[in-house]
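S.K.: Sequence:
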Amino acid sequence: MKNSSSTGQPKYRSNKERLAAFFKVFKKQDRVLILIVADPDSLASALALKKLLQGKVQRATISNVNEIKRLNNQVMVSSLKIPLTPFKENLLTEYDKFVLVDSQPTHQEVFKKVKFNVVIDHHPLTIGWSAEYVDIRPDYGATATILYEYLKTAKLRPGVRLATAMIYAIKTDTDNFEKKAKIQDVVAFQYLYRHVNRHLLQKIECADLRRSELKYLKIALENLRYVHRRAFTFVGKVLNSDILVVIADFLNKVYETSWIFVAGINKKKLIIIVRCDGYKKDAGKLVSKAFKHLGLAGGHKEKARAEIPLEKLGIDPQEFSTATLIGLLKKHFKKTRLKETPLV
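Quick note on the numbering used here: the sequence shown kicks off at 241 and runs consecutively.
Worth double-checking, as some hints may not be accurate.
Each computed BS3-like pair below joins lysine-lysine, with the alpha-carbon atoms no more than 27 angstroms apart [claimed, not checked]: (1) K455 - K291; (2) K570 - K352; (3) K570 - K507; (4) K392 - K422; (5) K521 - K507; (6) K532 - K309; (7) K477 - K570; (8) K267 - K355; (9) K443 - K458.
Hints in this document: simulated from the structure, not taken from any laboratory.
Please put together the full structure from these sequences, using the hints given.
M.R.: Next comes the structure, spelled out in structure tokens:
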């Protein structure tokens, strides 16, 4: 019998035993819907799952619950020909089994309507949900690494498109191994790199910014304020919140900056992107404790995100500024009582 791990999941004696438990969930006649919040890691992991299930089920469909707006991700989908079906609720009646990859049922409101059979992820384990098969590994740098181990155990060789997708996923989620990663991520990368199309990979990686988005960089730099080694900037209304991520990642490269907070307004929500070096810091825990009662909030040690409906803040968006952002963060960070907390 398998013992329970510290996360409450079954503890398998080998990857072979784990894979057998995964396949046991499915029958040949099953129609499987793989749900994702589309980003490099979820796209690559879903594509790997589709390969794993080929011939094991009637069909497996990848469905994205979010609109793909970030340019890198659009180029990834088109260049690697990743088959996607945008999620609509009527899809739930057309499928028998439901898989969630690179996320957990508590991460999105839409997921709460689905009874998942399988959940595979590398984010910190959340509570309040269950599934027939669960594989959560918060110590892994990318979910794609977990799926690489499944493919290896199943003796399935990834094709060029899949290998390129998985390499990009691992590079993205580990920030080119500058952030959290395990030896397993390195092993997966070394194997997959043999099969990668380097030209396609470069094409995806270089597609960071549209010309029309350069104005936001200008605004961010004009509104930038430093409090000790902490950088804050409010960009205003943005058509696509992914530009805030690009700006935060750019500012994260500035020497002697320990925390970065980039905010903007999108679809009547205040979006806050947080970056830090992760040394004696935990951006995900900080943001979750500060804002989860107001909206979606969480992330990893080095990076986090909060999405808060403006109506819950009682702040006029016309009067919002970088100074307002600093005041808002100071107010809510005080309540967390965490040891390493900016502004407190």
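S.K.: Does each hint fit the structure? Answer for all of them.
M.R.: Each hint tested on the structure:
1. The hinted pair formed by K455 and K291 fails the criterion: a straight-line CA distance of about 41 angstroms is larger than 27 angstroms.
2. With a CA separation close to 32 angstroms, the supplied pair K570 and K352 exceeds the 27 angstroms bound.
3. Between K570 and K507 the alpha-carbon distance is near 24 angstroms, which keeps this suggested pair within the 27 angstroms criterion.
4. Between K392 and K422, the direct Cα distance comes to roughly 17 angstroms. Compliance with the 27 angstroms bound is thereby established for this hinted pair.
5. For the suggested pair K521 and K507, the alpha carbons sit about 30 angstroms apart, so the restraint of at most 27 angstroms is broken.
6. Of the supplied pair hints, the one linking K532 and K309 holds, its CA atoms being roughly 24 angstroms apart against a limit of 27 angstroms.
7. Restraint check for K477 and K570: satisfied, since their Cα atoms lie roughly 22 angstroms apart, inside the 27 angstroms limit.
8. At most 27 angstroms may separate the alpha-carbon atoms for a hinted pair to count; K267 and K355 meet this at roughly 17 angstroms.
9. With a C-alpha separation of about 25 angstroms, the suggested pair K443 and K458 falls inside the 27 angstroms cut-off, and the hint holds.
Consistency with the previously given hints fails for numbers 1, 2, 5, ordered from lowest to highest.
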